[in-house]
Amino acid sequence: MSATTTPTLRARDYLSDIKPIWCPGCGHFGVLSALTKALAYLERPKEDTAVISGIGCSSRLPAYLDCYGFHGLHGRALPLATGLKVARPDLTVIVAGGDGDGFSIGGNHFLHACRRNIDLCYIVMDNAVYGMTKGQASPTTPPDWTRSPLTPNGPGIPVFRPAAIALAAGAGFIARGFSGDPHGLSELIARAILHPGFAFVHVLSPCRTFRPDDQSDWKQGVHPFTDRARCDAEAVPALRVDDDGMGIGVLHEADPKAHSGPKDTLADADRAAAIDRIEAELEV
Amino acid sequence: MSHMPTQPGAPSAMTPAEVVAQALELIQDSVSRYEQLQSCFNAHNNEAAAELFGRIAAIGLATAAAVARLQPAEALPRIAPWDFLWRCPDVLAPRLDQSSPEDCHHPFAIAELIRLALQREHCALTRLQDAHQQAHIAASRAILARIVEQQQQQLTELDALLAAVTANEATPPDDLDPPNRPE
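Protein chains in written order, with the numbering used here: chain A, 2 to 285; chain B, 26 to 208.
Isolated chain A, as found in the complex (with noise of 0.2 angstroms):
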């Protein structure tokens, strides 16, 4: 990638050369043309933007995009992508993942990030399903599928619901998106990378390979979101209950004037002997 600073850019402009190894009609696709659109009508430079992940199919989101990037560890993108953000607030810092990633193994983290309402805009391909590791059920499997082996009578929980959980947390933006719409979710994720916070773009994204049998409908079934939420925890029972899951937009943005993450008030001489401590006490 060029150090320089970028001319106007094209969205495949953002694309790097390694080509996606996604399963051929994956939603995961959708994604990352939405992403590209939204990089490139927003006239983010390449060099001033990074997407962290954490493990699964959509977490390979990084190695296909033209920007700085890093694959962490299972459910630990988030804090990678805090201390990205509290480090270098200049950047314009994207978190990717899937539904297991971020609500499962990286769940606790999930629930802080939106406490913390840290700058950042964190991208959640849901499938609800654990794709490569070949069909589990995830946290946001309905409880009446029953095509995993391990969960032959289905999970049998309650599915996890992230919009009302992210409101209930205090997340500061909150839109769902379908991957099969990547222009209309295009404007969710420049809105949401635009929030200043912590914005929580959850995406129905279709497993082709080991959910066929019941995400084949999602194209007809999404609807437009129009019971927007209101902007305090209370309105959570709302959402839970009214909220069929399938309904996509903006469901929630909080006052962008609210915004009380931390501001970057070192002095750049401060974050150099901040640095400097930190890398003696690592060689120690």
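In case anyone wonders, no lab produced these hints; they're calculated from the structure. None of these values were measured; they are calculated from a predicted model. Check each hint, because a few of them may be wrong.
Using C-beta positions, here's what the derived DEER-type ranges look like [stated by the list, open to error]:
| id | chain 1 | residue 1 | chain 2 | residue 2 | range |
| --- | --- | --- | --- | --- | --- |
| 1 | B | ALA185 | A | ASP49 | 44 to 50 angstroms |
| 2 | A | PRO238 | B | ASP184 | 42 to 48 angstroms |
| 3 | B | ALA38 | A | MET247 | 31 to 37 angstroms |
| 4 | B | HIS147 | A | ASP256 | 46 to 52 angstroms |
| 5 | B | ILE162 | A | MET247 | 36 to 42 angstroms |
| 6 | B | HIS147 | A | ASP91 | 45 to 51 angstroms |
| 7 | A | ASP218 | B | PRO97 | 39 to 45 angstroms |
| 8 | B | GLU76 | A | ASP277 | 29 to 35 angstroms |
| 9 | A | GLY157 | B | ALA90 | 52 to 58 angstroms |
Quick reminder that beta carbons are idealized off the backbone N, C-alpha and C, glycines included.
Please arrange chain B on chain A, whose structure you already have, making use of the hints.
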């Protein structure tokens, strides 16, 4: 939110530059998807399908180049991705009335893939023809007529591809990279 777009005008009142910008986005988006499919079929060992998508993408690129040459003197407008009128449907998405798991799978037969591509490209043609009929501005209407011609040319080439393979096609190839469902 200074980056947020303004809503474009009515489709029937598009200027020639807007028409070209909209058409280019539609064609280039479909080319991107064909290229994505080319790479993922490559990754999943269906080389024939990958080669086919490469050829279809090349046909699309030629169409895009021809449309780009229709660009009027004025610069193309900057349109937000979400404000484009003619969105490219997922080439492998199930049809609305016939969704089933079999609509998408690894060992696609070549003829089956070309038929899917043809279906989507016919959809694009219909949209372009509708836009042509509704265009109020004469210059825009003329450009749309040329774009419709280009799209028809693309369909002719896809038809020729289909005719070439159906003569040789017997059964779909074995799945060389099946999903390992049992744990």
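Here's how the hints hold up against the structure:
1. B/ALA185 with A/ASP49: 44 to 50 angstroms: Holds, since B/ALA185 and A/ASP49 (Cβ atoms, about 47 angstroms apart) stay within the stated range.
2. A/PRO238 with B/ASP184: 42 to 48 angstroms: Roughly 56 angstroms apart at Cβ, these two residues miss the hinted range, so it is violated.
3. B/ALA38 with A/MET247: 31 to 37 angstroms: 34 angstroms, holds
4. B/HIS147 with A/ASP256: 46 to 52 angstroms: 47 angstroms, holds
5. B/ILE162 with A/MET247: 36 to 42 angstroms: 39 angstroms, holds
6. B/HIS147 with A/ASP91: 45 to 51 angstroms: 48 angstroms, holds
7. A/ASP218 with B/PRO97: 39 to 45 angstroms: Holds, at about 43 angstroms.
8. B/GLU76 with A/ASP277: 29 to 35 angstroms: 55 angstroms, violated
9. A/GLY157 with B/ALA90: 52 to 58 angstroms: 56 angstroms, holds
Going through the hint list in order, the structure does not satisfy hints 2 and 8.
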